[in-house]
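Asks: Line by line, the protein sequences are chains A, B, C and D.
Residue numbering for the first sequence follows the working numbering, starting at 1 and increasing by one per position.
Residue numbering for the second sequence follows the working numbering, starting at 1001 and increasing by one per position.
Residue numbering for the third sequence follows the working numbering, starting at 2001 and increasing by one per position.
Residue numbering for the fourth sequence follows the working numbering, starting at 3001 and increasing by one per position.
Derived from the structure by calculation, the hints contain no laboratory data.
A couple of the hints might just be wrong.
Unchecked claim - Calculated lysine-lysine pairs in the DSS-like style (CA-CA distance at most 27 Å, straight line):
(1) D/3187 / B/1330
(2) D/3114 / D/3132
(3) C/2009 / B/1055
(4) B/1330 / D/3180
(5) B/1278 / D/3124
(6) B/1016 / A/106
(7) D/3281 / D/3270
(8) C/2167 / D/3018
(9) B/1357 / D/3169
(10) B/1133 / A/224
(11) C/2167 / D/3135
(12) D/3371 / D/3270
(13) C/2186 / D/3106
(14) B/1153 / B/1107
(15) A/106 / B/1058
(16) C/2263 / A/224
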Amino acid sequence: MKLSKDSFKNFISQHPAWFMVLPALLLLLALNIFPLIWSLGLSFYKFTLIIKEPLRYVGGQNYIELLTSPEAWDRFIKTGAYIFISLLLQFALGFTLALLLAEEFKGRRLLTTILMIPLMIAPVASALFFRYLLDYNFGPINAILDRLFGIRIYWLGADPSPLFGLPYALISVILVESWIWTPFVMYIILAGMGAIPTDLWEQAEVDGLSFWYKLRYLILPYIKPMIALILMFRLMDSLKTFDTVYVLTAGGPGTTTELISVYIYKLAFIEWDFGSATALSYLVIVLVIFMTNVFMRYLILKRG
Amino acid sequence: MMVDVRLKDITKVFGKVVAVRNMNLEIKDKEFFAILGPSGCGKTTTLRIIAGLEKPTKGRVYFDNQDVTSLPAKFRDVAMVPQFYALYPTTVYNNIALPLRSRGVSKEEVKQRVREVAELLGLTEKLHLHIDKLSIGDKQKVSLARAIVRKPKLYLLDEPLTILDPVTRIIIRSELKSLQRRIKQTIIYVTHDQIEAMSLADRIAVMNMGVIEQVGTPYEIYDKPSSRFVGWFIGEPGMNFLEAEVDKHSSAIKLGSQEVLQSKTLVSKLVEKTNNNKVVIGVRPEYIYLEKNPREAGNGYTIVKGVVELIEFTGTHYIVLVGIDGREVKVKMNVEDYRRLNIAPKENVYLRIPLDKILFFDPVSEKRIL
Amino acid sequence: MVESLLLYKLKKYLRVAVLVFLILAYLSPLYWIFTTAFKTRAEMFSNPFYLTQVTLENFEEAARYGAFDAIKNSVIITVGGVGLALLLSVFAAYAFSRYAIRGKNILMFYILSTRMMPPIALVIPIFVMFQKLGLKGTYTGLILMYATVSLPFSIWMIKSFIDDIPKDIDQAAILDGHSLTYVLFKIVIPMVLPGIVASMVFSAITIWNEFVFALLLSSIDTRPTSVLLSSIRGERGFNWGRIAAIEVVYILPIIIFVFLVQKHLLRGLTFGTVRR
Amino acid sequence: MSDYFLELRNIKKRYGDKTVLDNISLGLRRGETLSLLGPPGSGKTTLLKIIAGLERQDSGDILMDGKVINDLPPYQRGVAMVFETLALYTHMTVYENIASPLIAAKLPKEVMDKKIREIAKFLKIEHLLERKADKLSGGERQRVALARALVKDAELYLFDEPFINLDAKIRSALRTEFKKLKTTLGKTSIFATPDPIEALALSDYIAVLYNGRILQYGTPIEIYDKPINLWLARYLTGNMLNELYGRVVSQENGVAIELTSPVKRKILVKDYAPNYVDIIKELGVAGTQQEIVITIKPSQSTIESSQECSGLEIEAEIIGYENHGSEILVFARINDTVLKIYSSRDILNRDIIGAKNKICLDLTKAVIYDKRTGRVLGDT
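Here chain A stands alone, though its shape is the one from the complex (with noise of 0.2 Å):
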């Protein structure tokens, strides 16, 4: 007994970084790592929870009618159109802010922390009181827009809008996560320009050189790897993009709002197809994998 009570201690003392990892990856291999490889396995069978069927193997076929499916392919162009716009949008509106907080003024720190709030409270949250600002009747957005123009619009409706005619829905989706993630995009950009010098900024002042100088041989160069960073990360969350959808809109009207996650959503929960889900799941992963790759390889070699 002494004996080996003797060992184990020998055996931590010997390896101690093997134990002190050991409890952490117990959880994450029962509660992330075995699940995942299950989940892979399921989508490759039939499964429902509701209907008392055996699980059926079906090798490749969830993945089959997925790629055949128009249905499927139709959340795919949506979620790209999505993210198409959304980007840009923050894009636009991050890089101008960050270029606006770039020189040291007073105030400067505090509403650099003010923007930080979007980013942290719950995207729940946000979207739900976004259902409170772009309410046809009660809405204050509808209010100034009536006040101003004379006009109301249907914000969560169907309707085409004039921007590539997409429904307004999807317009007001994209503008409730372009609310919460362009400070993410303007806080990247700042963390950029933070690497250029202080010395550098100093010296463009002395020089004297005029701000279209600075942005094109100061800023840019610097920025220029960070603006990939963000593409592949905005990319990733993007593909995630569920909860404001499924307080704002739910997926409607009709499916004009059904972004990939709320879809595999809809088939695993709605439909208890948790096959189809998971399948729908991998491919995702997937295609995740491949553009991170094609990000990183042009870093990589960008940096040389």
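Since the structure of chain A is already known, use the hints to place chains B, C and D on it.
Replies: Only chains B, C and D this time, still in chain A's reference frame:
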């Protein structure tokens, strides 16, 4: 264009730290002026105040009698060369040309002037290269070229040579010196390296803890330091300081039990300037000579007895630490003299000190009194 | 000189003015949340822009609606999840920082990959698993889940703080004659305490705000605030005052956190971009 | 059996495919100070950490008092160390920092307190004891680190570039203080530094490390007067070495050197450097026209025109100078070579820049190297 710079009662406070305290300084037109001091003494802050990158908490800055205290940096027409070259991430040509182009100088003229400066500093071959492809020495040259090309009123250099290896440093230093002879402009040069300041400057201001201790030519500062700090800071190793007593009755100055000097005039002068008969003797390590055998004082020398405590070999010199009644003196000897003398720790030695190399300081204020 | 001094100063003030305007417009939704929470029902319809009469009736109604049970659930789950994650990640982070563990870089990749993964992909098998183990709808289940979710990030963040402490510090202590436990608890942990607090806050915010796992793994008794808020969606005729009141209670702690530890939050937020 | 207190035998260490230490063998007697001198990355820190037991060598033995201690954990080796980063516990006070090794040794409180105050007084940091360690200046931090190492009753003290981040002025002051301390305490110590002056000034013996190997071992004077290769010769003078290039030729009236740079001239060895006749003769006889490098330190030549020159006289243009106060280091150029010569400060009485001046190089004090291998000639 020419300019003299005047700082009047400048104080700069960062939070609780006083970086510069009540500074008054006048830099003459076309002068090569060095601000010398240890790190954290406020020398860089002073330079930044002159550049307009920092606003003084109190006091005014004048260029040619014109108050520029609240003028932003870009309107002061000064050029700066920082310690770490601070180049824009683009080509050498663009780096030199951008300040001119920003000022709306015509394309042909920009080309012309960049060429000239590149020629001057030997950068012609490298104009089209990206700065990442340059050696540190070349980068610092580009930084210098960018300053020169603008023909500014005033050059501000902030330890521009410290990051270079010794050989390049010496080459660029020589070029800088000859450049100043040609362009004849006011240069303010900040450094912590006493050798650099002594080698380059017409005049030096020695700073310590936000205060200017002394302003003068290199040898004024070296030979007649105005305070203990200046004496210690200039020279390697710095000046020795020994607490001594003035004996009014015997007209002598005593180091512990030893009488080192006897002079009525000197003693009466010293008594006038101190209030408790205590003075500090200052003497540079290279002006003390060691001897093994006792000898009479006289003929402009004084002799002090001591014991060898420690010997340090630095390659070019020997530094011998000698104890005198609980005080310590460093003696700097060249290698031949040391080997001829042949001494070892714990041996008795006699220090021969020329009288004209002895200075006197006040023990309380630490200022030189004679 | 191309630009005059006057123009230079004008531009400078203009820039700040534009910025302040932009940010005010940007943050107006927050203004509405807070004013609406204190508005009377009558004023909500008659006057959408200002707040003239402050009332607490919305908060009373929110309490009747079960908002404070949900907040209590949020607190239990968050504290549990953060505590468990912290306990495990401090040890793991130290090991990752100080020892040559094979596949160290896997950690970084792992965090990135969890960021890539739609949470939906993970929740399906866990949903089934929890149902079989009887963990569905329990605090324990949610706490375990959230600890797992915040673990990789928490390890990375604490590790990055430990990395900032030179390894010489540990070696000096070992040479002084101290044991490994002493080095960890008396030297390293006190030195990275700000970092540990920051990572705790970061995990806490993540868990507090999380929605997908909460939606599918909680029950009526254990549902946190995010789920309560989303369930309002199904109702007809929104009581905006009540919703705003719940939201104020829900997001106020986060806003306070943002101001307390903003510098550290930024470090977590820009993970992988600033430090590489 | 040797009389060494510490002995290293064939220590080898690799990180991945990079050899950090290659066959290091050294010995150190009680009370001696050894310097490990070498540029950054030469393996100094790794060697110190292996001696302390903080890292393990791949092969080779460490012996203390003749006993192999390879498997002894760090705290049983009786070693104290000052790290390059100083490694202060920044969240603790100075007092707590110094107390650390005593707490680990489980000393009674009163004994501990007495020891801490003694060492603090000795290092003049008594007034800092209650201060937090991150609120100190560079010099103060250095002293605290020193105190924490010295308070421990160790048999061997290791110092890893402890003065590295200090101003030159404070650095040289601390150096002298440190040497005094060491002499007073009489402890055995190893001192790693990249600064030749520090190594020369502080140690009884120097081991020059280069790319993980010991290049030369000896007393400071041995090493400075005859560096084993050209790289070390340049390194020791901070690249201020004067170098003349030439080849050895044999003539009827004796062996001669045909200089190629910076001047073309043929000189008879017996006239200029009689002490080198035997060594050069061997090379000349072989008839290979061996190429050599003649090195002369700046202090071994003169620039005064009044003095008679018994060495090699060269005329060069003065392009700059360095003012050291009592001495002036003059730079003079001839055919793309810059010669460096110390002179008295009187030279500044005239405007010297741009002037041509005669320079006299004393070849009897020169050290001569084989140009091809870079090794010193006349080394046995």
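Asks: Does each hint fit the structure? Answer for all of them.
Replies: Outcome of the hint check:
At roughly 24 Å between alpha-carbon atoms, residue 3187 of chain D and residue 1330 of chain B fall within 27 Å of each other, so this suggested pair holds. At roughly 20 Å between alpha-carbon atoms, residue 3114 of chain D and residue 3132 of chain D fall within 27 Å of each other, so this suggested pair holds. Among the hinted pairs, residue 2009 of chain C with residue 1055 of chain B is consistent with the structure: their alpha-carbon atoms are about 16 Å apart, no more than 27 Å. Distance hint between residue 1330 of chain B and residue 3180 of chain D is fulfilled; the C-alpha atoms sit about 13 Å from each other, no more than 27 Å.
In summary, the hint linking residue 1278 of chain B to residue 3124 of chain D is supported, as the alpha carbons are separated by about 24 Å, within the 27 Å threshold. The straight-line distance between the Cα atoms of residue 1016 of chain B and residue 106 of chain A is roughly 19 Å, inside the 27 Å bound, and the hint therefore holds. Proposed proximity of residue 3281 of chain D and residue 3270 of chain D is supported: the alpha carbons are some 10 Å apart, at most 27 Å. For the given pair, residue 2167 of chain C sits about 21 Å from residue 3018 of chain D by alpha-carbon distance, which is consistent with the 27 Å threshold.
Restraint check: the Cα-Cα separation between residue 1357 of chain B and residue 3169 of chain D comes to about 22 Å, which is no more than 27 Å; the hinted pair holds. Pair hint residue 1133 of chain B plus residue 224 of chain A holds up; C-alpha atoms about 19 Å apart against a cutoff of 27 Å. Restraint check: the Cα-Cα separation between residue 2167 of chain C and residue 3135 of chain D comes to about 21 Å, which is no more than 27 Å; the hinted pair holds. Restraint check for residue 3371 of chain D and residue 3270 of chain D: the C-alpha separation of about 21 Å stays at or below 27 Å, so the hint holds.
Restraint check: the Cα-Cα separation between residue 2186 of chain C and residue 3106 of chain D comes to about 16 Å, which is no more than 27 Å; the hinted pair holds. This hinted pair checks out: residue 1153 of chain B and residue 1107 of chain B have alpha carbons roughly 22 Å apart, not beyond 27 Å. Of the supplied pair hints, the one linking residue 106 of chain A and residue 1058 of chain B holds, its CA atoms being roughly 20 Å apart against a limit of 27 Å. A C-alpha spacing of about 24 Å is found between residue 2263 of chain C and residue 224 of chain A, which places the hinted pair at or below 27 Å, so the restraint holds.
Violated hints are absent here; each numbered hint is respected by the structure.
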